[in-house]
Amino acid sequence: MAIAETISSPLAARAVTASKIYGQDDNEVRALDGISVEFARSRFTAIMGPSGSGKSTLLHCLAGLDRVTAGQVFLGDIEISTCKEKQLTLIRRDRIGFVFQAYNLVPTLTALENMTLPMALAGRKPDKEWFDSVVDMLHMRDRLAHRPSELSGGQQQRVAVARALMSRPEVIFADEPTGNLDSRSSTEILTFMRGAVRSLDQTIVMVTHDPVAASFSDRVVFLADGKIVDEMSDPTSDGVLERLKSLGN
Amino acid sequence: MFRLTWKGLLAHKLRFALTALSVMLGVSFLTGTNVLTDTITKTFNEMFANAYAGTDAYVRARSKIDSQFGTQRARIDGSLLPQIRTIDGVLDAQGTLAFYAQMADSSGKPIGQPGRGAPTFGFNWVPDGKLSPWKLVSFKGVESAAPASDDEVVIDKASAHLGNLKIGGKVRVLTQLAPKEYMVVGVAMFGTIDSPGGASAVMMTTREAQRITAPPVAPDVPAQTNQFDAIAVASRPGISQEEMALRVRDVVGEPARYEVLTGAQVTAETQSEIEKSLSFFRIGLTIFAYIALFVSIFIIFNTFSIIVAQRLRELALLRAIGASGRQVMFSVLGEAVLVGLFASAAGVIGGIVVAAGLKAMLAGFGIDIPTGDVVVARGTVLLAMVVGTLVTTLSAILPARRASKIAPVAAMRDVALEPNTRKARWTIIGLVLTALGTCALFFGLFGGPSNGIAFVGLGAMVIFLGVAVLGPTLARPVSKVLGWPVARLRGITGELARDNAVRNPRRTALTAAALMIGVALVALITIFAASTKASVSVAVDRAFKADYVIDAKGGGFGGGFSPELAKRVAALDEVSAASGLRFGAFKVDGGTKFIVSADPKAMGDLFDIDPVAGDFPALGVNEIAISTKIAKDLKLEVGSRLPVQFLTAEDMTVGAIYAAGQREGLSDYFISLEAFDKRYPERIDNQVLAHLAEGVTPAAGKRAINEVLIDYPTAELQDQAEFKQSRLDQINMFVNLIYALLALAVIIAGIGIANTLALSIVERTRELGLLRAIGMTRAQLRAAVRWEAVIISLFGAAMGLVVGLFFGWAIVEALKSEGITEFVPPGPQLLVVVAIAVFVGVLFALLPARRAARLDILKAIEAE
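Sequence lines, in order, name chains X and Y.
Under the working numbering, the letters of the first sequence match residues 8 to 256, in that order.
Under the working numbering, the letters of the second sequence match residues -14 to 849, in that order.
Examples of chain Y residues toward chain X, derived with CB under 8 Å:
#, residue
1, Ile477
2, Leu481
3, Asp484
4, Arg751
5, Glu752
6, Ala758
7, Ile759
8, Ile846
Since the hints were derived computationally from the structure, they do not count as laboratory data.
Each residue gets a CB set at the ideal place from its N, CA and C atoms; glycine is no exception.
Starting from the given sequences, assemble the full structure and let the hints guide the process.
Here is the structure:
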């Protein structure tokens, strides 16, 4: 299979003059307009931008959930923009982790089963040591047998993060992971995510509209009208807010 | 509100179509049955109206024997005919005779399908066109003539074609006398058709017909060679049928012996007899249509329950913006009415198409029905529309009521989709229903009410309902157990399938309950058939001593042999004992009973009838032998007088008592062949049994008997094992027919599975999107849906098997006295039933599984 070992590349993911166009002719909407962007390994990158700027589309295309209309998308060395649906599924399962805003978990499965779901789908057993360290890091040891309906929003999101980490993916893509959480739970989740990047060398790409959330990242990429308009390293929430204001409004 | 209902329907075409389909199938079946029987009835009605068109008055004997095989009537004295002909106003009067007559073609092959197809008749040729529906026609360029001498016959055109016969050629005719060869002098058509309903007809001179039908010369019965079944009278113009009947009645006299009917009365009576014999067919098929509709009730109820749960937010919003509970209820009911009306209309059309197809198929089988239109009675359409719409609407009432009770505040709240907590009350209701149904079933089977079958049906229905109500309580634990191996074997897909199957016990249980009904009925029939077959085997093994049975080809009723055959077989050196065996009906102890007749002297070698009192072999012409059971029930002993009625009432003497009665697979009543000849107008052996003489090899015996059978082309020689097998084959044929009819109920249950899964998938859109996003392949998703169907089907099959075993046991127990002595639940066949149920589940899960796998991931995870 084409999914060879990809550690060689210094970049975890990148898009090369990627476009995503919806509709035709007069109704044409360019969600991504020839965008080129790179995401380095072991870094926590935030994608920001006003509504309709294309930030979610970019994330979906990078994660193999959606296809670009033109240009290329790579995960490590694999060009996923040319992969077949079945290959994409396996790439998502084995090399990508996901955290969504809500409805992140399968309601019929326990926390433990949810965490190991991608590995179970692949028919693999999780590495015991790794599993223990992730579970302990997220303080979920005593909640493993609970079902999602028995967990708080913050706990559910921690299970989702644990699931994303469990298969040690190339990249974790997070789509507004704190959108449904109160500020305390948000801080908790973001701290975990940053911790995973710092101490476990994990790569995370996160879409958010919250400057506070963005301030946990190493680098912020700003999008407007399907193009990269700016970026910022080691952001602070105030700095991000300023930049956002100057952008669209 | 109506606009909303309509829009809702349009928005969910698939849901609409699947729900409608389940009702449509049942309605189609109902309509098809009625249209087909109406069409056949009309055809026969016209045929008989035709046959009696010129008859104004009709004389026949009053005494008769009615049985399930038809009516046999005494014959009347031919000397009445000249008297009737002298009555003022009579244009013509003719005596008529009808009897068993089987034609064979030049190669000796029987014409038609003896024993299986339409009957084979002999008639006396009635010359006058007005009193006979038969018209002579020219055939292959040769003109027909009426039979003038006793070895000339006229035959029907269909037989002439089938047997490749021609005018001037020879035809062999088998009757109750020895076979005889006749010259074909004419070919006739019945009105405008070649033969009535595919029956064959051979018509000879009245004298020849009277010779064939003349009662035998029994020791105390004088030969009567001038008899008719009836005399038909045609009047001159201007005389009413009633007037002519009066005049004939005056001349004939003896009102206790003869009855005189008008032509219209005879026609009406014959038509009502046809209707009665077809009503058996109509009721039989209708039962299966209603079973199908009963299954649909579960599916519609389930579908609407799920829909209401899924539309909870929307309905609550309606309430919040000012719709009343009643309005919400009626919007849901409105959808049901629309579905019902649409499904019923489609069902009616489907039914008519099916009936037309079946009619064409009948014609293909050689049952020639005159080309008439398919009869679509207004009542048929009305019934189908009402039943279909009512079933759909009534099934939606409870879900609609639940919808009306949704609180407006639910629009704002995140609430559980369906109530998963179950009140203990429902478990109790389920138990009570099951118990009540069991009581009704037992009363119907063992209580001996006159309408027992109705109680059995009602009991079965209530038991089904009771078990269905218990279903949700059982669903969680049972599905967990059934799903365990699936989860073990299939890993995470199996686990997800199991969890999905148990997450909504109500839904799973209702879906499974629909399948349960089909499985239970199939299991019941399987058990019943296996038990009957085992009982037949046991009975044949125990009581059958004859080495060979000569049976009509294809078995069944209507076929038979001249007693000559048995006489010739008995005369063979290779045969130590042989006898014809005849079955009849008579009245005794207030009911119509089955009676067997054979040569009592030969019986000892043919059957282990186990005589316990009296001199069985010496049974006299006015003596009857009875089983020990009857002797006990009616408190009779040898020498007692038993009032009976064959054609006329009489007292017979109990001549012998034997142990092996109906319970043992034989008959409770027995008379000698001489006694039978004296009491029945027709004397045809239904079977001939033979026992080989000592030292004769089976091969030699078979050769000798087969030599005799050359003259009897409808006869088939079977040894004991073959005879047993042919009985079992007959049961198999019957059982296969019922399986085919029950398939409809199973298919509808399959639609229910498809519907439930499709609706569940809509509900789990987000979750499925998530699963796909994090790496579940399409194949895995499809497998998970399929395995969910497997668990639901297994649950339904398990419930069905339990209920079916119970029904089977109860019915076999109830029929012990009728000779079904063995209760045999056949393990392998029942496993096949379960396998088929699972197969149906998987089959109907294919489409929903595909839809689930095709889901657009992005849309799914972004869906509200």
